[in-house]
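If you read the protein sequences in the order shown, they are chains W and F.
Read the first sequence against numbering that gives the first Met the number 0 and you will find it ends at 339, with the numbers running on by one and no gaps.
Read the second sequence against numbering that gives the first Met the number 0 and you will find it ends at 230, with the numbers running on by one and no gaps.
A few of these clues could be false.
[Claimed, not checked] Label pairs and their calculated CB-CB ranges:
1. F/A87 to W/K226: 51 to 57 Å
2. W/L119 to F/E166: 52 to 58 Å
3. F/D50 to W/T317: 39 to 45 Å
4. W/K226 to F/V127: 33 to 39 Å
5. F/L9 to W/G227: 28 to 34 Å
6. F/Q88 to W/Q112: 48 to 54 Å
7. F/V127 to W/E199: 37 to 43 Å
8. F/K141 to W/Q315: 34 to 40 Å
Derived from the structure by calculation, the hints contain no laboratory data.
Idealized CB from N, CA, C, for every residue including glycine.
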Amino acid sequence: MFGLIGHLTNLEHAQSVAQALGYPEYADQGLDFWCSAPPQIVDNIKVTSATGQVIEGRYVESCFLPEMLASRRIKAATRKILNAMAHAQKHGINITALGGFSSIIFENFKLDQIKRVRNLELDFSRFTTGNTHTAYVICRQVEQAAPNYGIDLSQATVAVCGATGDIGSAVCRWLGHHTGVKELLLVARNRERLDNLQTEIGMGKVMGLEDALPMADVVVWVASMPKGINIDQNTLKQPCLMVDGGYPKNLDSKFAYPGIHVLKGGIVEHSLDIDWRIMNIVAMDVPARQLFACFAESMLLEFEKWHTNFSWGRNQITLEKMEQIGAASVKHGFRPLLTT
Amino acid sequence: MPQLEASPALDFQSEAYKDAYSRINAIVIEGELEANDNYKKLAEYLSEHKDELIKLARMENRHMKGFQACGKNLNVTPDMEFAKQFFAQLHDNFKQAWDEGKVVTCLLIQSLIIETFAIAAYNIYIPVADDFARKITEGVVKDEYMHLNFGEEWLKANFETAKAELEEANRQNLPLVWQMLNQVATDASVLGMEKDALVEDFMITYGEALGNIGFTSREVMRLSAQGLAMA
Numbered sequence: 000m001f002g003l004i005g006h007l008t009n010l011e012h013a014q015s016v017a018q019a020l021g022y023p024e025y026a027d028q029g030l031d032f033w034c035s036a037p038p039q040i041v042d043n044i045k046v047t048s049a050t051g052q053v054i055e056g057r058y059v060e061s062c063f064l065p066e067m068l069a070s071r072r073i074k075a076a077t078r079k080i081l082n083a084m085a086h087a088q089k090h091g092i093n094i095t096a097l098g099g100f101s102s103i104i105f106e107n108f109k110l111d112q113i114k115r116v117r118n119l120e121l122d123f124s125r126f127t128t129g130n131t132h133t134a135y136v137i138c139r140q141v142e143q144a145a146p147n148y149g150i151d152l153s154q155a156t157v158a159v160c161g162a163t164g165d166i167g168s169a170v171c172r173w174l175g176h177h178t179g180v181k182e183l184l185l186v187a188r189n190r191e192r193l194d195n196l197q198t199e200i201g202m203g204k205v206m207g208l209e210d211a212l213p214m215a216d217v218v219v220w221v222a223s224m225p226k227g228i229n230i231d232q233n234t235l236k237q238p239c240l241m242v243d244g245g246y247p248k249n250l251d252s253k254f255a256y257p258g259i260h261v262l263k264g265g266i267v268e269h270s271l272d273i274d275w276r277i278m279n280i281v282a283m284d285v286p287a288r289q290l291f292a293c294f295a296e297s298m299l300l301e302f303e304k305w306h307t308n309f310s311w312g313r314n315q316i317t318l319e320k321m322e323q324i325g326a327a328s329v330k331h332g333f334r335p336l337l338t339t
Numbered sequence: 000m001p002q003l004e005a006s007p008a009l010d011f012q013s014e015a016y017k018d019a020y021s022r023i024n025a026i027v028i029e030g031e032l033e034a035n036d037n038y039k040k041l042a043e044y045l046s047e048h049k050d051e052l053i054k055l056a057r058m059e060n061r062h063m064k065g066f067q068a069c070g071k072n073l074n075v076t077p078d079m080e081f082a083k084q085f086f087a088q089l090h091d092n093f094k095q096a097w098d099e100g101k102v103v104t105c106l107l108i109q110s111l112i113i114e115t116f117a118i119a120a121y122n123i124y125i126p127v128a129d130d131f132a133r134k135i136t137e138g139v140v141k142d143e144y145m146h147l148n149f150g151e152e153w154l155k156a157n158f159e160t161a162k163a164e165l166e167e168a169n170r171q172n173l174p175l176v177w178q179m180l181n182q183v184a185t186d187a188s189v190l191g192m193e194k195d196a197l198v199e200d201f202m203i204t205y206g207e208a209l210g211n212i213g214f215t216s217r218e219v220m221r222l223s224a225q226g227l228a229m230a
């Protein structure tokens, strides 16, 4: 059995979903209540592979809300993730993906140091960030979508914003060595990490965001756009492909210009309908078939019986692992989303 | 991404800490004492489990002594008068159920509510306790899971006949827990224990127990949140 740990986008959304799922006790409550709310399994999922294999999964709602970070209720936020993981493990789920902010919180607040949750020893081998599949899918989106907009990648400059993160560094490795783009622009805040990344992949220019954007034919976003930065659309290249791999996905409203094509990054489409209710309420365009690639990774690990934390830690994603998960992704019928 | 701020170090010898501790420590001692009495009573009724229940009662008595030692270690005199008042309503409800022969209600109050309340409080207390109290509390919390398990197993075996009474007993007694938590929220926070963490831990452990007994996830969500919004 696979698992997905998810959360809702904001308090208002959480209240409406609680109402829609028939939990009036939760629907009228404010942030304080959600800070105390326990994790719940709210959906049973059945996925059929293109090979015909069928697997079952559970959707664990962590009751985390992004407002907890905004209002600095950090302890509540970290408890939500650890409690959801404990809940998944107690229910015997073999491999669970940490979706949305879950893996970001886990890494940022170093939750790997906290192994014990009440009377349970967390077994981290049962969890995956899903980042390997996400990075693979973003790279395939770049490779497959760019030609559709008249961009020849062998002649293209690609900016990766958030280049030193787990997904960002994997994307740089793949696009540099596997795809063979002409130029990589590495954008991130931490200079030391940028220099290390540049040394490791043996290519790429370290640049600031505002300098990099006007030079890029393709921009891969795996970090959210810093607040207070205004981009003059006239300085951007046309055509320009933007792959929005950050969370939450909101770049399409910021770059609604002709010639700028924004693709939701790290999203896959399954070739068969998935039997679940939850995606109807987490704002996918085609809820029965579209999902986050990180979620799909736990499905792939279950299909292949690779019950291990395939994606874990920071900067551990190799090209070999991306190829391995990519082959499984194709085999079981997942495709990178290509429609803007 | 905001940073996790280190919690300020607790001064276990400060007057503010010891003042709050005098009430929290008393509640814990009183809770173990009530549990000891309740299990002895239950042993009279559930004669086939008499030996086990007497054993549980003895354990609660040991726990009580351990927590008395924790107070002594910090030179704190527990405010037992406050603690008696604190448990009065739950105590009366248990007594009334006992007088009416409602063993299911008695088990819900003692084995589910009081045990879960203790487990949640001890789990949240352990990371912020002084070294002496931490060791004692770690030992106690392991036992309390066993006690919770007794109630779960009995209620699970009798789920069909007990279900309606459990729902009614939950409706009557769970709101008291939220009131009790509110009453000590300030003192608990002086000891480094946050109310939302206590409520969450309670709901998780209580919800798991209800699920083990036989309630569906949907019923668990409804039952474990009962009265919380009004508290």
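- List, from low to high, the hint numbers that the structure doesn't satisfy. Hint check: 2, 3, 5 and 6 fail, others pass.
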